[in-house]
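Here the structure of chain R is known, so what remains is to put chain C in place on it, guided by the hints.
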Amino acid sequence: DTGVSQNPRHKITKRGQNVTFRCDPISEHNRLYWYRQTLGQGPEFLTYFQNEAQLEKSRLLSDRFSAERPKGSFSTLEIQRTEQGDSAMYLCASSLVGQGDTQYFGPGTRLTVL
Amino acid sequence: GESVGLHLPTLSVQEGDNSIINCAYSNSASDYFIWYKQESGKGPQFIIDIRSNMDKRQGQRVTVLLNKTVKHLSLQIAATQPGDSAVYFCAENIPGGFKTIFGAGTRLFVKA
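Order-wise, the sequence lines are chains R and C. The working numbering runs 6 ahead of the 1-based position in the first sequence. The working numbering runs 1088 ahead of the 1-based position in the second sequence.
Worth flagging that the hints you see were computed from the coordinates, not collected in a lab. Careful: at least some of the hints might be erroneous.
[What the hints assert, rightly or not] Computed cross-link-like contacts, DSS-like style, restricted to lysine-lysine with a CA-CA straight-line distance of at most 30 Å: (1) R:K77 / C:K1130; (2) R:K17 / C:K1130; (3) R:K20 / C:K1144; (4) C:K1130 / R:K63.
Bound conformation, chain R alone:
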């Protein structure tokens, strides 16, 4: 257990529905990252926050995806109008500037879009 928690662990939804995932980072970590991982592949970067500011977004993050970190602590990732291609594991990681910026990952949320 790295100290990063994600909820829910599994989500099954129908195409076209909206889903929201939550990530609680290690409490003192000021950086938070979202990744997407499909079977047999490494995680792909989606977006990154330093405190409450979203500093970088991947081109993978379409307009249907939005992420927030309103108080610089937990973060949410919302996917609107889900598509079958959104089925994947969504991973959250956090790090602390000044401590090598090593990222510690949560267990992930597995999304299945039917």
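Same frame as chain R, but now just chain C:
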């Protein structure tokens, strides 16, 4: 382009033997490299890292070697145990950015 890849998708070793997992990276500007272990149903777990000003770094039963000349990274696991069975990812950070670029992974099987 920016990519991190692995030479072998799977590696099978006998319990007690040493394992070597290789990785090639393409961005010569990368200055920080990390190895992660991922077990089924779990997120990646940090194993060991190395900065570009080093060639070798050792941890508990693990050693990472960095060869910047050929842009090659390797992870050595000594006395491999069944609990080491997992997928191993190498990853790189590029200066000025905040994202970590992962390769596709190598699955390590440890035979008892």
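Take a quick look at whether R:K20 and C:K1144 sit within 30 Å of each other, Cα to Cα. violated, 49 Å
Take a quick look at whether R:K17 and C:K1130 sit within 30 Å of each other, Cα to Cα. holds, 15 Å
Tell me if the straight-line CA distance from R:K77 to C:K1130 falls inside 30 Å. Judged against 30 Å, a Cα distance of about 27 Å means the pair holds.
Can the restraint linking C:K1130 and R:K63 be considered satisfied, given a maximum Cα separation of 30 Å? Status holds; Cα separation ~24 Å.
Hint violations for this structure: number 3 only, all remaining hints satisfied.
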